[in-house]
Amino acid sequence: MALDEIKIGGMGASRRRVEDNRFIRGKGNYVDDIVLPGMLHMEILRSPMAHARIKSIDVSAAWEVPGVRLVLTGEMMAARNLAWMPTLSYDTQAVLATDKVRFQGQEVAAVIADDPYIAKDACQKIVVEYEALPVIVNPFQAMEASSELIRDDKENQPTNKIFDWEIGDKEGTDKAFAAADHVSKLELHYPRSHPSPMETCGSIADFNRATGKLTVYMTSQAPHIVRAAVAMVAELPEHMIRIVSPDLGGGFGNKVPIYPGYVISILASILTERPVKWIEDKTGNLISTGFGRDVYLKGELALRKDGKILGVRMNTISDHGAFYADAQPSKFKIGLMHSTFAAYDIPVAHLTSTGYYTNKAPGGVAYRCSFRVTEAMFFQERMVQAAADDLGIDQAEIRRMNFVKDDDFPHRTAFGFLTDSGQYEKCLNIGLEAIGYSTFKAEQEEARKRGRLLGIGISTMTEPLGAGNSKEYDILGIKMFDSAELRVHMSGKAILRTGAMNQGQGHQTTWAQIVAHELGIPADDVTVEEGDTDTAPFGMGTYASRSTPVAGAAVAMVSRKIRAKARKIAAHLLEVSEEDIEWELGRFYVRSNHERGVTIQDCAMAAYSNLPDGMEPGLENNAYYDPPNLTWPFACYIAKVEIDPETGVWDVLQFVAVDDCGVRINPMVVEGQIMGGLTEAYAMSSMQYQTYDEEGNCIGSNYMDYLLPTAWETPGFELYEVVTPCPHHPIGAKGIGECATVGGPAAFVNAVMDALKHTGVRNIDMPMMPNRVYEALQTGKDISGMPPVRSGD
Amino acid sequence: MSSLYDEVTPTPPSDVPTRRVTIDVNGEPRTVDVEPRLLLAHLLRQGLKMTGTHTGCDTTNCGACTVLFDGRPIKSCTMLAVQADGHSVETVEGLASASELHPIQEGFKQEHGLHCGFCTPGMMLAAKALLEENPNPTEDEVRWALSGNLCRCTGYQNIVKSVLWAAEKMRAESN
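Note that the protein sequences, when read in sequence, are chains A and B. Be aware that the first sequence starts at 1, since it is given in our numbering, and climbs by one per residue. Be aware that the second sequence starts at 1001, since it is given in our numbering, and climbs by one per residue.
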């Protein structure tokens, strides 16, 4: 008589999404859809210069424009101690520039008016006089002794260097390299990319003078962090701040940081005592908000001649833009870069990292990845590929030889992470079979006769998702746990709230499935709410694939607390002792008599109407979940590409993805996440990147210059599944949202490099645009990109 | 358009002349006075309070603002509202009837053709224009027809499946 779990929309059901009902009708509720009575509109004036001293700002003509209510400058912000704000990485960032501008697109002034058109008009009337300063657009310029100091606002900042950081065993690694048969070296640049969700950032600040309460509707993936930060910056009491993230039109890490526009709209609302809406335009989003990547690697592998990796040595140099505004756990200066090579059994490794300020937009956000893990895994898989080619070893074989084996878990990586589960070789074998690896050589030969170059590229990796256990992971000192609160009404329907923040992942659908799995309450009977700090329990939000590993676990745990209370109620209703009660999905019954039972709904009603003596009424609870470890999904991605040597154009002939993210709550949603992630991987490898000219002009400030793949270019993906449950997660799930973006790029690049192997070319930096591939074919030389780019790129 | 409640504004009114336009929106004639520079997308969203049409990129690239203009898909962020005078515009709000979803809407739900939902209205309208012209498209034809609409979440594969699902349903219904 247990319920059929799939029928009630429990775990494993490809339940159609609840949120779709509003989106397909055009009834979503994004920030720009919200209209408050008396609302004003804000527009930001941005710097056209990348590095310049502000000599003067004349806003008088802007005030003259009919309908203008307020014009704000850095000076006015400074008078209220709001010209600067803290970043998520213990740095400061200018809200409105006071002394100088440090990147193109930096916020210089703001106009608040009756209508967005008027605000835009008035912005054009502001006259700013700049004195140009030398511009630094990459870390190699930034590290020169003679380079202009970008952060002259900071004390104890004599150079443009932000940090030096290292981890691992230097001495041991040096020894391993000294003893190696071969050292394989590779230098790479992971270019700057912008996450570019379809919806830009925006906010509506609504300060109520009468109550003292500030409500801000905003595009945040982490509304509770914003509340904490606003309390600090605006010096408002935390209970008087309500942050509401409504529907978000994508995030991908771009909507984690706190941006000047939010802060300015808050001050504008306080000053005007009216709601103030700020909606960023696409150019503002692309040139000023959180980018991802922009890291240079020098990588070395110490190898035995049969391909066994004896040691890893990596040095990264990263470009963080004008403010160190990375969103990452505070202990780790370059995110979780040291998760690199976690899938492989490496005896010893050493990583050194240096970060620099440049005259570029700040960010360093985890763009659809877990804190620099995308770079870590890309570097890893490119280095493995280069090592295989250097030694003349099969690219599948070198991986197989070095994988952590199924029975070697738990496994401590050379950098100290603990991986706990996986079937790496099984995933690889499924992928190789699907791509037709055994017959590929013949296929390649046949293509050569047609004048086409074929290549296969493999990328296998495990990555740390779901930050994280509170000993290791915090942002601004706040531990990275998450939460869920479940309230079961008397009819057995329920409302669930979590500290995560959906932005397309489908939490409204999948969280209810976890409740259905744990309690047997049909998923359709569970409302899910997130994003309102006045109602949702404290949580660190959604990024770094942490929702299912952390908030999802909290949903399971709170459901179990509810079940434990319901069991006591059931014993009371069945007039037996609690020890004689058994549970099956949706129902308690007497062990000796399966027929005698009560449903979870019966227990819910009794919680409000017929309680055992002394029991607290109601059926609700909350759970704060501090995960014991990260989750470690594994992925094997294999691309088969064909290059036309006449043009350098490469086409994806086949792409195979084998993902092991543990137990899948909703297979349909999981597959959707994988396909979406693979597309961003394809984007970065083929066309999508942010670069700058020598004057610091951002090339890629709109969708005509910042190329994103459409349905036409994007290849099809074949998906395969392996399930190794996570041993510590309450429902055995691991993160998945970002695996494909993390692991995917190396598959595409390795495939193109495989096709070019005979030419001696070892590397083409992303994006592998046809002109770069063509140039490599013509010259037989590696193609490396570093801004300022050469013309033609 | 004056109303019973228009405030006599203390600030001098804008000297920009307005123009009266009548646009058939989802089958209903709507008459409004607009500034000549007002974009159609903004008229729909702010003026007519139909927020299903989204503005994404401002440069006619992303297609989040796609509406059907006399039955053909256009980007409403780069068309002036005055250009729509005397024409018909269909938005996402016009797709479903009170009781029934359009097969394209159903297809997007069934095949998981959306994540964040921001590009979805534009995608569905571009798909509608395609299916009205070509009721039995190939996968390539769907991909080409949607190539003016960007999506960052889904990877397009399920969007394409959604449109093919709808095509099949529409063909079955018309038989």
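I should point out that these hints are in silico values taken from the structure, not numbers from a laboratory. Hints are supplied without guarantee of correctness; some may be wrong.
Keeping only pairs whose Cα atoms sit at most 30 Å apart, straight-line, the calculated DSSO-like set for lysine-lysine is [claimed, not checked]:
#1 A/K7 with B/K1049
#2 A/K298 with A/K405
#3 A/K120 with B/K1049
Just so you have them, the derived chain B footprint on chain A, three or more residues with Cβ under 8 Å [what the hints assert, rightly or not]:
#4 209 to 218
#5 687 to 694
Computed from a predicted model, the values in this text were never measured in an experiment. Even for Gly, the Cβ is constructed at its ideal location relative to N, Cα and C.
Taking the hints in turn, this is what the structure says about them:
1. A/K7 with B/K1049: 39 Å, violated
2. A/K298 with A/K405: Cα-Cα ~28 Å, so holds.
3. A/K120 with B/K1049: The given pair, whose Cα atoms are some 21 Å apart, holds under the 30 Å limit.
4. 209 to 218: Since three or more residues must qualify, the claim that chain B covers the stretch 209 to 218 of chain A is violated, with 0 doing so at under 8 Å.
5. 687 to 694: violated (count 0)
Hints 1, 4 and 5, counting from the list given before, are not met by this structure.
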